[in-house]
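S.K.: Based on these hints, arrange chain A on the given structure of chain Z.
Now for the letters of each chain:
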Amino acid sequence: MIVKMSKVEIVGPRPLLEETLSLVRQKGDLHIEPSAVGFVDDTHKRDIHSLLPDEKTLFEKIFLEQLEANLSALLTCLPTELIRESFLSPRPIIDTVSRTLDKHLTMCRTFLEKRDALQHDLAELSGYKTFLSSVSTMFDKTGLTPDLDYIGISLKDEKSVNILKEGLDCLADASCELFTVSGEGGAVVGLIAATKDISDDIRGLLSEKQMPEFAFPESLQKLPFVQKVEYLQKEILEKETALQAVNAELEKFAHRWGPLYRAALDWVREQLSIIQVSACSFETAMCFFIYGWMPAEKVASLHASLQKKFTGSVVLQEIDIRIEDLERVPVVLQNPEYFKPFENFTRLLPLPSYTSFDPTPFIGLFFPLFFGLILGDAGYGFMLLLIAIITTGVSRKKQLFHDAIKILKVCSLYAIIFGLIYGELFGNFGHNVLGIKPLFLDRQKNIIPMLYFAMAVGLAHITLGLAMGFVSALRRHTKKEALAKLLNIVFIFLTVALIITFFGFFPQLLKRPLLITILVLCPLLLFSGGLLAPLELLKNIGNIISYVRIMAIGLTSVLLANVANQLSGLTGDIVLGVIVGGFIHLIGIIIGVFSSSIHSLRLHYVEFFDKFIELGGRKYRPFSPSEKSDPENYMSEKKHHKQEQQVHSS
Amino acid sequence: MDKILIAFAAALAIGLPAIATAWAQSKIGAAGAGSLAEKPELSGTIIILVAIPETMVILGFVVAVIILLGG
Numbered sequence: 001m002i003v004k005m006s007k008v009e010i011v012g013p014r015p016l017l018e019e020t021l022s023l024v025r026q027k028g029d030l031h032i033e034p035s036a037v038g039f040v041d042d043t044h045k046r047d048i049h050s051l052l053p054d055e056k057t058l059f060e061k062i063f064l065e066q067l068e069a070n071l072s073a074l075l076t077c078l079p080t081e082l083i084r085e086s087f088l089s090p091r092p093i094i095d096t097v098s099r100t101l102d103k104h105l106t107m108c109r110t111f112l113e114k115r116d117a118l119q120h121d122l123a124e125l126s127g128y129k130t131f132l133s134s135v136s137t138m139f140d141k142t143g144l145t146p147d148l149d150y151i152g153i154s155l156k157d158e159k160s161v162n163i164l165k166e167g168l169d170c171l172a173d174a175s176c177e178l179f180t181v182s183g184e185g186g187a188v189v190g191l192i193a194a195t196k197d198i199s200d201d202i203r204g205l206l207s208e209k210q211m212p213e214f215a216f217p218e219s220l221q222k223l224p225f226v227q228k229v230e231y232l233q234k235e236i237l238e239k240e241t242a243l244q245a246v247n248a249e250l251e252k253f254a255h256r257w258g259p260l261y262r263a264a265l266d267w268v269r270e271q272l273s274i275i276q277v278s279a280c281s282f283e284t285a286m287c288f289f290i291y292g293w294m295p296a297e298k299v300a301s302l303h304a305s306l307q308k309k310f311t312g313s314v315v316l317q318e319i320d321i322r323i324e325d326l327e328r329v330p331v332v333l334q335n336p337e338y339f340k341p342f343e344n345f346t347r348l349l350p351l352p353s354y355t356s357f358d359p360t361p362f363i364g365l366f367f368p369l370f371f372g373l374i375l376g377d378a379g380y381g382f383m384l385l386l387i388a389i390i391t392t393g394v395s396r397k398k399q400l401f402h403d404a405i406k407i408l409k410v411c412s413l414y415a416i417i418f419g420l421i422y423g424e425l426f427g428n429f430g431h432n433v434l435g436i437k438p439l440f441l442d443r444q445k446n447i448i449p450m451l452y453f454a455m456a457v458g459l460a461h462i463t464l465g466l467a468m469g470f471v472s473a474l475r476r477h478t479k480k481e482a483l484a485k486l487l488n489i490v491f492i493f494l495t496v497a498l499i500i501t502f503f504g505f506f507p508q509l510l511k512r513p514l515l516i517t518i519l520v521l522c523p524l525l526l527f528s529g530g531l532l533a534p535l536e537l538l539k540n541i542g543n544i545i546s547y548v549r550i551m552a553i554g555l556t557s558v559l560l561a562n563v564a565n566q567l568s569g570l571t572g573d574i575v576l577g578v579i580v581g582g583f584i585h586l587i588g589i590i591i592g593v594f595s596s597s598i599h600s601l602r603l604h605y606v607e608f609f610d611k612f613i614e615l616g617g618r619k620y621r622p623f624s625p626s627e628k629s630d631p632e633n634y635m636s637e638k639k640h641h642k643q644e645q646q647v648h649s650s
Numbered sequence: 001m002d003k004i005l006i007a008f009a010a011a012l013a014i015g016l017p018a019i020a021t022a023w024a025q026s027k028i029g030a031a032g033a034g035s036l037a038e039k040p041e042l043s044g045t046i047i048i049l050v051a052i053p054e055t056m057v058i059l060g061f062v063v064a065v066i067i068l069l070g071g
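Taken in sequence, the protein lines are chains Z and A. For reference, each letter of the first sequence is one residue, going 1 to 650 in my numbering. For reference, each letter of the second sequence is one residue, going 1 to 71 in my numbering.
The following block holds chain A by itself, in its conformation from the complex:
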């Protein structure tokens, strides 16, 4: 039972940030694509903006690894 709970906790730790990252990137990406059509010189800024939410899923991954290996 403990193992199931640990696996479930790890899955939640990475799954929820992954969903959050995907949602944030979808919004930023759509707005960024619109901006790029108007101003192509903003490509660098848009890449940065799209990349920012990825940190969430990386942090989630670290937590998931800690849960799995700690448990």
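Bound-form chain Z, shown alone:
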């Protein structure tokens, strides 16, 4: 439903403007109108003009913008999770905050630079970590002997270890030993302990076997192997300790100062938004005016709050909405819980205009109905309901998914109901095996009655759309359009009656009066709808025929289910039959859900909404702390209205 809106004007003495805007922001219900068009009558136009900021306000704005930039920069340096709220109100201490901010920002940036440098070093050293820990384990096992030379090596796999062992056996007999430890991803870390006289030969062997010695940083090349390992281990430990210290410092700072700076940033943003929105206010010599729109049910609450705070100095007044204002009224959609998930379909379209209708309840009512009419299989419906129930718990985290599951639940219930009406349970499986009979209509055998039924559904839906269009046109006071919609309904019924008469269901005598009525009404149709009215009428009839897709797609769905049953029967084996049948039914369910949804939506978007929904409504953007009031938007809107005003006056 489109919420009823009120056009309001807030008036008060000029010095109370900021406090009033602060209260309005806190309440968060008023969509401030940057233009006075439609609010001020011509006699008072000269006395009221846009509020221009004075020099003090401009300086304040520049100061606050700079402060906001610095505060944002500081808070991005700090850890995101702050544990407490500030105990201090930022307003009295904002000057102190601005003085300490530069110093703290420089300090935090230094911490960050230090942390980045340490993280970079540790990332480079992380390549050695696995090797060093493996080598340390081997040192612990074997013990260090100063007479021996050690060679570190990283091997691909166990196969390479065997090749190396064979090579070492041939080369040095028993004067060297290879120790290995399994590393990450199947790799092996090896350590060769050898007497110093044969260490060069071993290096030669490694080079020959293309098994390079583990590479240490170039600066450590001159050190012996054991010292290299010790040096790197010490280096890593020192850097990790330093990183922990820097993080601890940042956390300590965030704990001490973060809440205050966060509160200061919120306050600065509030002040900036008030200054920016005050540019959308108007003034006379002594008073300010704020014009805007808000939900009618919330006017009393804002009125009471203003009365309580300003004891009658600031007044809120409701103004009558005139016909020329209707295009400018912002649109808020509000629906009961059942319809809320269907708003996702409405969001695919632009907002409806204020005088039009919210499409959501119509989609909520007819989408599941059409889905059920098309899919119409109790087995498929039951499977979908089962899937929806199972995934309900999982879907809670994501709103869109949660909404989709809610819609699926409703649609699956309709599919079960129509499945029982058509007597379908996994196609003809229910009929053949369980003896289920259709409650109302077997759509496989009654193709023509089903075709008429689908067209009857279309006739009802399109007529409803045209009737809504008639009401919508009356609301907009466009009487000609309303007459055209009404005549379209009459013409459609006359045409249908004429066709039925030709088929012999109505007495043949009716032919002539029906034809005469159509001919008599033709000039009236041309008068109300213009030269394109006959084309519009043909389009409406085409739209009704378009509902035949309900029957056509439903028929393909049931035929696919029957094919699945036949194929599973042809296998001659229960297990194989269940697998084949289950697989084809699964495809049938996927195709069924997809095509039923797409075609039901299409019937709404193309055939139904076209008759009565006027798109192009204005988005409701209340001035509130939660709404990221983008000053650019306000200012661009203001510019747009100024241009509009100029065009209007010229």
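These aren't lab readings, by the way, just hints derived from the structure by calculation. Check before you lean on any hint, since a few could be wrong.
[As the list claims (entries may be wrong)] What the simulated footprint calls covered on chain Z by chain A, stretch by stretch (three residues with Cβ under 8 Å from a Cβ of chain A suffice, anywhere in the stretch; the number is not a length):
no. : segment
1   : 443-457
2   : 520-530
[Said to hold, decoys possible] Within a straight-line C-alpha distance of at most 25 Å, the following computed DSS-like cross-link-like pairs (lysine-lysine) qualify:
no. : chain 1 : residue 1 : chain 2 : residue 2
3   : Z       : Lys298    : Z       : Lys27
4   : A       : Lys3      : Z       : Lys619
5   : Z       : Lys27     : Z       : Lys129
6   : A       : Lys3      : Z       : Lys539
7   : A       : Lys3      : Z       : Lys445
8   : Z       : Lys340    : Z       : Lys298
9   : Z       : Lys209    : Z       : Lys156
10  : Z       : Lys114    : Z       : Lys165
11  : Z       : Lys141    : Z       : Lys196
[To be verified] Derived Cβ-Cβ restraints for the label pairs, each shown as a range:
no. : chain 1 : residue 1 : chain 2 : residue 2 : range
12  : A       : Ser43     : Z       : Leu538    : 24 to 30 Å
13  : Z       : Asn432    : A       : Trp23     : 39 to 45 Å
14  : Z       : Pro507    : A       : Trp23     : 33 to 39 Å
15  : Z       : Leu538    : A       : Ala20     : 15 to 21 Å
16  : Z       : Leu326    : A       : Ala7      : 53 to 59 Å
17  : Z       : Pro350    : A       : Ala7      : 44 to 50 Å
18  : A       : Ala22     : Z       : Ile499    : 29 to 35 Å
Beta carbons: idealized from backbone N, C-alpha and C, even for Gly.
M.R.: Here is chain A on its own, set in the frame of chain Z:
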């Protein structure tokens, strides 16, 4: 022979609109995908535009059913 002609007529009645619909949807779909990359808010309009030619094949289906059951 009559039956063959009737079946052929029905096949033509649904086949030709189906080809026409597919061709129209391919063109609209390609252009729509391009537009969506630039302006995602146009998704509703694009769905409508892609769905419009489908009416042809539905009308073709109705004619085919009439031919088959009438013959």
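S.K.: Please write out, lowest number first, the hints stated earlier that are contradicted by the structure.
M.R.: 2, 4, 5, 6, 10 and 14
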